[in-house]
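Chains as they are written, first to last, in numbering that gives the first Met the number 0: chain Y, 0 to 350; chain S, 0 to 370; chain V, 0 to 411.
None of these hints come from the bench; they were simulated from the model. Among these hints, one or two may not hold up.
Claimed, not checked - Taking lysine-lysine and the DSSO-like style, the derived pairs with C-alpha atoms no more than 30 Å apart in a straight line are:
id: 1; chain 1: S; residue 1: K210; chain 2: S; residue 2: K176
id: 2; chain 1: S; residue 1: K119; chain 2: S; residue 2: K210
id: 3; chain 1: S; residue 1: K176; chain 2: S; residue 2: K215
id: 4; chain 1: V; residue 1: K270; chain 2: V; residue 2: K79
id: 5; chain 1: S; residue 1: K48; chain 2: S; residue 2: K29
id: 6; chain 1: Y; residue 1: K345; chain 2: Y; residue 2: K15
id: 7; chain 1: S; residue 1: K312; chain 2: S; residue 2: K357
id: 8; chain 1: S; residue 1: K136; chain 2: S; residue 2: K176
id: 9; chain 1: S; residue 1: K52; chain 2: S; residue 2: K215
id: 10; chain 1: S; residue 1: K17; chain 2: Y; residue 2: K158
id: 11; chain 1: S; residue 1: K302; chain 2: Y; residue 2: K158
id: 12; chain 1: S; residue 1: K119; chain 2: Y; residue 2: K287
id: 13; chain 1: S; residue 1: K176; chain 2: S; residue 2: K302
id: 14; chain 1: S; residue 1: K136; chain 2: S; residue 2: K119
id: 15; chain 1: S; residue 1: K357; chain 2: S; residue 2: K302
id: 16; chain 1: Y; residue 1: K287; chain 2: S; residue 2: K136
id: 17; chain 1: V; residue 1: K287; chain 2: V; residue 2: K374
id: 18; chain 1: S; residue 1: K136; chain 2: Y; residue 2: K15
id: 19; chain 1: V; residue 1: K374; chain 2: V; residue 2: K270
id: 20; chain 1: S; residue 1: K8; chain 2: S; residue 2: K210
id: 21; chain 1: Y; residue 1: K345; chain 2: S; residue 2: K136
id: 22; chain 1: S; residue 1: K119; chain 2: Y; residue 2: K15
id: 23; chain 1: S; residue 1: K52; chain 2: Y; residue 2: K158
id: 24; chain 1: S; residue 1: K136; chain 2: S; residue 2: K206
id: 25; chain 1: Y; residue 1: K158; chain 2: S; residue 2: K48
Said to hold, decoys possible - Anything over 10 Å on all C-beta distances counts as not near chain S; from chain Y, calculated:
id: 26; residue: V51
id: 27; residue: R58
id: 28; residue: V132
id: 29; residue: M171
id: 30; residue: V193
id: 31; residue: N197
id: 32; residue: H212
id: 33; residue: A332
Note that CB positions come from ideal geometry on N, CA and C, so glycine has one too.
Here are the chains, one letter per residue:
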Amino acid sequence: MNADIKTPAWMTDRLKARSRYLWILLFLIAAFFFIAVVNICSGSVAITPEEVFEVLFGRVGEETAQYRIIWQIRLPRIFLSALLGGALALSGFLLQTFFRNPIAGPYVLGISSGAKMVVALVMIYFLGRFREVSSSVLILAALFGSLMVTGFILLLSRKLRQMPILLIAGIMVGYICSAVTDFVVTFADDSDIVNLHNWSLGSFSSVGWSNVHTAFWIVSVAFLLTFLLSKPIGAFQMGEAYAQSVGVNIRLLRVAVILLSSILTACVTAFAGPISFVGIAVPFLIKKVLHTAKPIIVIPTLFLGGAVFCMLCDLIARTAFAPTELNVSTVTAVFGAPIVILIMLKKRQEY
Amino acid sequence: MSEWHLETKNLSVGYNGKALIHDIALGIGKGEIVTLIGPNGAGKSTILKSLFKQLRLVAGTVWIGGDDVAQMTYKELSTRMAIMLTERVRTELMTCRDIVATGRYPYTGRMGLLTAEDEKIVQNAMEIMRVEDLAEKDFNRISDGQRQRILLSRAFCQQPEIIVLDEPTAYLDIRYKLELLDILRHMAHERQITVVMSLHEIDLAQKVSDKVICVKGDTIFRYGPPEEIFRDEAVRWLYDLGEGAYDVSFGSVELPTAEGEPEVFVIAGGGSGIPVYRRLQRQGVPFCTGILDPGDVDYRLAKHLAARVIAEKPFCAIRDETFREALETMRHCRRVIDAGAPVGESNRRITELIEAAKADGTLETPGEERI
Amino acid sequence: MKIKFAALLLALLTVLFSGCSAAEAGTAAADTAAAETAESESSGAAVSVPAESEETSADPDAPFIDGLVYVSTMELDDAKCFDVYFYEGGYAVIRISDARSYLVVPEGAEVPSGAESRFIVLQQPLKHIYLAATAAMCQFDALDALSDIRFSGLEADGWYLENAARAMEEGEILYAGKYSAPDYELILSEGCDLAVESTMILHSPKVQEKLEELGIPVWIDLSSYEPEPLGRTEWIKAYAVLLGKEDAAEEIFAVQKQYAAELENFVNTEKTVAFFYINSNGAIVTKKSGDYIPKMIEMAGGRYIFSDLGDSETASSSVTMDMETFYASARDADFLIYNASIDEPLESVDELLAKNELFADFKAVREGNVWCTTKYLYQASDVNGEIVHDIHLMLTSDDGTEVQPTFLYKLY
Numbered sequence: 000m001n002a003d004i005k006t007p008a009w010m011t012d013r014l015k016a017r018s019r020y021l022w023i024l025l026f027l028i029a030a031f032f033f034i035a036v037v038n039i040c041s042g043s044v045a046i047t048p049e050e051v052f053e054v055l056f057g058r059v060g061e062e063t064a065q066y067r068i069i070w071q072i073r074l075p076r077i078f079l080s081a082l083l084g085g086a087l088a089l090s091g092f093l094l095q096t097f098f099r100n101p102i103a104g105p106y107v108l109g110i111s112s113g114a115k116m117v118v119a120l121v122m123i124y125f126l127g128r129f130r131e132v133s134s135s136v137l138i139l140a141a142l143f144g145s146l147m148v149t150g151f152i153l154l155l156s157r158k159l160r161q162m163p164i165l166l167i168a169g170i171m172v173g174y175i176c177s178a179v180t181d182f183v184v185t186f187a188d189d190s191d192i193v194n195l196h197n198w199s200l201g202s203f204s205s206v207g208w209s210n211v212h213t214a215f216w217i218v219s220v221a222f223l224l225t226f227l228l229s230k231p232i233g234a235f236q237m238g239e240a241y242a243q244s245v246g247v248n249i250r251l252l253r254v255a256v257i258l259l260s261s262i263l264t265a266c267v268t269a270f271a272g273p274i275s276f277v278g279i280a281v282p283f284l285i286k287k288v289l290h291t292a293k294p295i296i297v298i299p300t301l302f303l304g305g306a307v308f309c310m311l312c313d314l315i316a317r318t319a320f321a322p323t324e325l326n327v328s329t330v331t332a333v334f335g336a337p338i339v340i341l342i343m344l345k346k347r348q349e350y
Numbered sequence: 000m001s002e003w004h005l006e007t008k009n010l011s012v013g014y015n016g017k018a019l020i021h022d023i024a025l026g027i028g029k030g031e032i033v034t035l036i037g038p039n040g041a042g043k044s045t046i047l048k049s050l051f052k053q054l055r056l057v058a059g060t061v062w063i064g065g066d067d068v069a070q071m072t073y074k075e076l077s078t079r080m081a082i083m084l085t086e087r088v089r090t091e092l093m094t095c096r097d098i099v100a101t102g103r104y105p106y107t108g109r110m111g112l113l114t115a116e117d118e119k120i121v122q123n124a125m126e127i128m129r130v131e132d133l134a135e136k137d138f139n140r141i142s143d144g145q146r147q148r149i150l151l152s153r154a155f156c157q158q159p160e161i162i163v164l165d166e167p168t169a170y171l172d173i174r175y176k177l178e179l180l181d182i183l184r185h186m187a188h189e190r191q192i193t194v195v196m197s198l199h200e201i202d203l204a205q206k207v208s209d210k211v212i213c214v215k216g217d218t219i220f221r222y223g224p225p226e227e228i229f230r231d232e233a234v235r236w237l238y239d240l241g242e243g244a245y246d247v248s249f250g251s252v253e254l255p256t257a258e259g260e261p262e263v264f265v266i267a268g269g270g271s272g273i274p275v276y277r278r279l280q281r282q283g284v285p286f287c288t289g290i291l292d293p294g295d296v297d298y299r300l301a302k303h304l305a306a307r308v309i310a311e312k313p314f315c316a317i318r319d320e321t322f323r324e325a326l327e328t329m330r331h332c333r334r335v336i337d338a339g340a341p342v343g344e345s346n347r348r349i350t351e352l353i354e355a356a357k358a359d360g361t362l363e364t365p366g367e368e369r370i
Numbered sequence: 000m001k002i003k004f005a006a007l008l009l010a011l012l013t014v015l016f017s018g019c020s021a022a023e024a025g026t027a028a029a030d031t032a033a034a035e036t037a038e039s040e041s042s043g044a045a046v047s048v049p050a051e052s053e054e055t056s057a058d059p060d061a062p063f064i065d066g067l068v069y070v071s072t073m074e075l076d077d078a079k080c081f082d083v084y085f086y087e088g089g090y091a092v093i094r095i096s097d098a099r100s101y102l103v104v105p106e107g108a109e110v111p112s113g114a115e116s117r118f119i120v121l122q123q124p125l126k127h128i129y130l131a132a133t134a135a136m137c138q139f140d141a142l143d144a145l146s147d148i149r150f151s152g153l154e155a156d157g158w159y160l161e162n163a164a165r166a167m168e169e170g171e172i173l174y175a176g177k178y179s180a181p182d183y184e185l186i187l188s189e190g191c192d193l194a195v196e197s198t199m200i201l202h203s204p205k206v207q208e209k210l211e212e213l214g215i216p217v218w219i220d221l222s223s224y225e226p227e228p229l230g231r232t233e234w235i236k237a238y239a240v241l242l243g244k245e246d247a248a249e250e251i252f253a254v255q256k257q258y259a260a261e262l263e264n265f266v267n268t269e270k271t272v273a274f275f276y277i278n279s280n281g282a283i284v285t286k287k288s289g290d291y292i293p294k295m296i297e298m299a300g301g302r303y304i305f306s307d308l309g310d311s312e313t314a315s316s317s318v319t320m321d322m323e324t325f326y327a328s329a330r331d332a333d334f335l336i337y338n339a340s341i342d343e344p345l346e347s348v349d350e351l352l353a354k355n356e357l358f359a360d361f362k363a364v365r366e367g368n369v370w371c372t373t374k375y376l377y378q379a380s381d382v383n384g385e386i387v388h389d390i391h392l393m394l395t396s397d398d399g400t401e402v403q404p405t406f407l408y409k410l411y
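Here chain Y stands alone, though its shape is the one from the complex:
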């Protein structure tokens, strides 16, 4: 073996790419912990980091306000916003790859409209007649609405083989649900309208550990399944025909992608209401930054990216104007949209 064989150019490019992925992943992990810590230590009540430490490691009594604040108010929110942020990013990525369209987001198939419709019906009719419902009922309502739309889209996808047509069908379904919601709202009290509107802007307020628990299982299973689908999704990035030619079962993949992204979105909508923008912006940003769309690398990275982004937005939502709490969708849009525009401008030579 000659000692002076040069590493071929392509190999150094590969190494550069790989180290890039590694650095970004490390950065995101560090950002995750940093923002999580900042989140635990921030709130309308000042708790010093030392006190936080003591609470976390059980040196403080369970009845104290500080314990309660950290364990029952802040921590569930942090976990849930991280989980659901990752879920949204993942769902957006699946749909963008599937429809080969960068503006496809988790709600493009009408899922949030379906959830809002069922929540509106429950709020207006159930509350009208039965006076009281538990929060689980509203959660199940949102879940049911989301999955109902999903089921309908899956049925449509058997007949509508072409992706752009399915996309349009999804958008139309969204419109139908919105129309039904508006119809129902015409007969509603002002208080119903206000509350429905509040719900539809999304919020992590008042979340509890049981929510976190359920969301954790749903999201982690969905994440795992998505990650295991990296290979067929990667093949799919060249289009259906080529994917099929290397052995991918397109029909099954279609069902899997729609189902997974819908379950992820349904989970988010159920526990926190519709949160806009994360599902479109985060996959976009992560892919730009990584310079690749390979699922096996992109999927874990964008889950982390979504988690970090959402945690940050929730932090801002609850502390920026305390004690008033902003809706998290407001923050994600206001915060994220300029960043996306900036990135697009910087890279405009490509287009």
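Given the coordinates of chain Y, work out where chains S and V should sit on it, guided by the hints.
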């Protein structure tokens, strides 16, 4: 067990269970290049899509090496057949290497990770297609010709027995067309990979294929080697062409000739007439020409383009009757162009024609045009 | 591979539903506990007749509490949505019509065993109250108990009640976020012993559940469900029990009763009144015939223009209709009152006409009997009697006498 590598029997193809083309019976041997030709919408793509299972067969069977394709899973098929399509693939942030690497998917594990062996195969494929320096470039940023070669490398990585290509030369300029077909020929002959493709360029189809399939209407019009297909009226009928539009010997396509009484007489021979004929045809001027030897290259083109061709018997000197005919025809025309034919033993008398024209005052040399 | 995949998805969905139903089971358990409470109350009644106390007449509805001796039931003239039962030692049970029962335990006293599972226990003194039911503030103000409120669900400038606004500006009452997104941290850090919520909280059950999870009992003000106007005002007595000010409440209520009593023998003027506002879609929102505002109009000596409007099954008190329908019925109403507590108050009749020119054709407009309520009418439910009186003033003013009601003003 049939001797054919790719065989179809009673094959009907179409959409939604309705047959567009039926009774397709083909037998393609290993390492053969088979091309489908036919007008747009005839069903060439439909047949190809049915072969690689993107479309469900309406009826009939397709066998590869004796195995029924309908019984195969997509995964099995993917180790035996690779494809290349016309449409431009829009990819996002995929390097050329990524694209080529997808050709290894039938052989990689659950997560699609490439082994060192796979990497070598990818690198090798790119080197064969001479695209290895494009490896890290974004697929969307290379030229069309390079793109097709990348897609071909990818197909090659699949280590298929058959490659099916749907109009692979569609967006390529002449150089890349030739390159691509050359590579295909190499793959077929050296590596015994069967190539089935559709082409619009019938001249190229004539030159590169071992067998040609003519698709028109609801059946296969003809199937056989190019010598049999590219004969008489076949191509004209296939494409509904007018007279003289396609030269079978040269595989060249010609635009329709000008109508009307000939205005110009071109004195040509030895290849000198070709540029003049072309110019006149472009200007839409009907013309006559002579005195040509039938083996002359000018003759071949004049046959398509000229209203009348005065020719002598092969390898003979110009006889009187021929000369008189030429003179008469020349005098019927308003203008005479001396194309500048080389004069030799057999066509010495054209100088007389030229003198006559000069005396008549109708002579022009090319470049000196009187309107 | 496909089977494994499908199995995993199925597992996912199962976890999903079991997770949710687990959460729901939690609340279902609470619901059954409440239902059991109701049952045991009625079955315990048989036992609750104490052998010792011959003077007190036993109330069969009063819940039996081990260790507590029933004394009396609060007399309520108009309120139908709550009941109060008194026990020896200063204990009281307030039962709200939706089956929530609160056990008020006096300062320093013990909580009876087993009470936690049957009642929502409120240990006096209640000095750090989070008030997110803006309609209840007036009751606290009337009882001079603003100092017991520490947190408000409305910002300082949202209060019409001067005392409330001042207390917020001086920092005695802190803004703690609106009812749908309270600042739990703030509330917890200072300690809160009671959250007083309005019916809006029913639309955000997760807030209620969170408050309860954090150990803060939740009181839902259902006075808006009271069919009688004075029934709403009578809720002051319920709050009085929480705050230990029963006598003051009796006096205040008596004043309001007086206003109504004065009008008891008044012969109805038979003048018709319409009460409405125009929403952002241009539709008319008016009250159901069975609602308390039409009742106040009747008490004041007028007639509500709609005699049979609205479905009594639903909880909402308003009915939305288009201008045409409203015009058909209300065109000949003698008086129009614009409900400015939802929409902005009007300054002049022209503003009303600007909203819809058809109003020019209304009898009340032509005769100059268009009135408007003040913006904070809903923050004044403690003085419904006065409001009835104001409406009475309006009804008797069309003969030209100058009147100055507090909660209504005439539009010119």
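Here is what the structure says about each hint:
Between the alpha carbons of K210(S) and K176(S) the distance comes to roughly 19 Å, so the proposed pair stays at or under 30 Å and holds. Annotation: proposed proximity of K119(S) to K210(S) is violated, straight-line Cα distance about 34 Å (limit 30 Å). With a CA separation close to 24 Å, the supplied pair K176(S) and K215(S) stays within the 30 Å bound. Our distance criterion of 30 Å between C-alpha atoms is met by K270(V) and K79(V), whose separation comes to about 29 Å.
Between the alpha carbons of K48(S) and K29(S) the distance comes to roughly 20 Å, so the proposed pair stays at or under 30 Å and holds. Distance hint between K345(Y) and K15(Y) is fulfilled; the C-alpha atoms sit about 21 Å from each other, no more than 30 Å. With a C-alpha separation of about 26 Å, the suggested pairing of K312(S) with K357(S) holds against the 30 Å cut-off. Annotation: proposed proximity of K136(S) to K176(S) holds, straight-line Cα distance about 22 Å (limit 30 Å).
Note on K52(S) and K215(S): the hinted pairing holds, with a Cα-Cα distance of about 22 Å set against a maximum of 30 Å. Taking the CA atoms of K17(S) and K158(Y), the gap is about 17 Å. The hint holds against a cut of 30 Å. For a cut-off of 30 Å, the pair hint linking K302(S) to K158(Y) is broken: about 56 Å separates their Cα positions. Simply put, K119(S) and K287(Y) have alpha-carbon atoms about 29 Å apart, close enough for the 30 Å limit, and the pair holds.
Proposed proximity of K176(S) and K302(S) is supported: the alpha carbons are some 29 Å apart, at most 30 Å. For the hint linking K136(S) to K119(S), the alpha-carbon distance of about 19 Å falls within 30 Å, and the restraint holds. For the given pair, K357(S) sits about 26 Å from K302(S) by alpha-carbon distance, which is consistent with the 30 Å threshold. Restraint check for K287(Y) and K136(S): satisfied, since their Cα atoms lie roughly 15 Å apart, inside the 30 Å limit.
For the hint linking K287(V) to K374(V), the alpha-carbon distance of about 20 Å falls within 30 Å, and the restraint holds. Between K136(S) and K15(Y) the CA atoms are separated by roughly 14 Å; this keeps the pair inside 30 Å, and the hint holds. Under the criterion of a C-alpha separation no larger than 30 Å, the hint pairing K374(V) with K270(V) is consistent with the structure, at around 25 Å. The straight-line distance between the Cα atoms of K8(S) and K210(S) is roughly 17 Å, inside the 30 Å bound, and the hint therefore holds.
Using a Cα cut-off of 30 Å, the hinted pair K345(Y) and K136(S) holds, with the two alpha carbons roughly 20 Å apart. Among the hinted pairs, K119(S) with K15(Y) is consistent with the structure: their alpha-carbon atoms are about 20 Å apart, no more than 30 Å. Restraint check for K52(S) and K158(Y): satisfied, since their Cα atoms lie roughly 18 Å apart, inside the 30 Å limit. Distance restraint check for K136(S) and K206(S): the Cα-Cα separation of roughly 34 Å exceeds the 30 Å cut-off, and the hinted pair is therefore not satisfied.
The suggested pairing of K158(Y) with K48(S) holds, with an alpha-carbon distance near 19 Å, which does not exceed 30 Å. V51(Y), annotated as away from the interface, keeps every beta carbon of chain S farther than 10 Å; the closest lies near 39 Å. The Cβ of R58(Y) lies farther than 10 Å from every Cβ of chain S, with a closest approach of about 44 Å, so its non-interface assignment holds. Every C-beta of chain S lies more than 10 Å from that of V132(Y), the closest at about 44 Å, which supports listing it as non-interface.
Consistency note on M171(Y): stated as away from chain S, and its beta-carbon is indeed over 10 Å from all of that chain's, at 23 Å minimum. Here V193(Y) stays apart from chain S, with its beta-carbon at least about 42 Å from theirs, past the 10 Å limit. At roughly 37 Å, the least C-beta separation between N197(Y) and chain S is larger than 10 Å, which holds for a residue marked as non-interface. Distance to chain S confirms H212(Y) as a non-interface residue, since its nearest Cβ pair spans about 29 Å, more than 10 Å.
Distance check on A332(Y): its Cβ is at least 24 Å (rounded) from any Cβ of chain S, clearing the 10 Å threshold; non-interface status holds.
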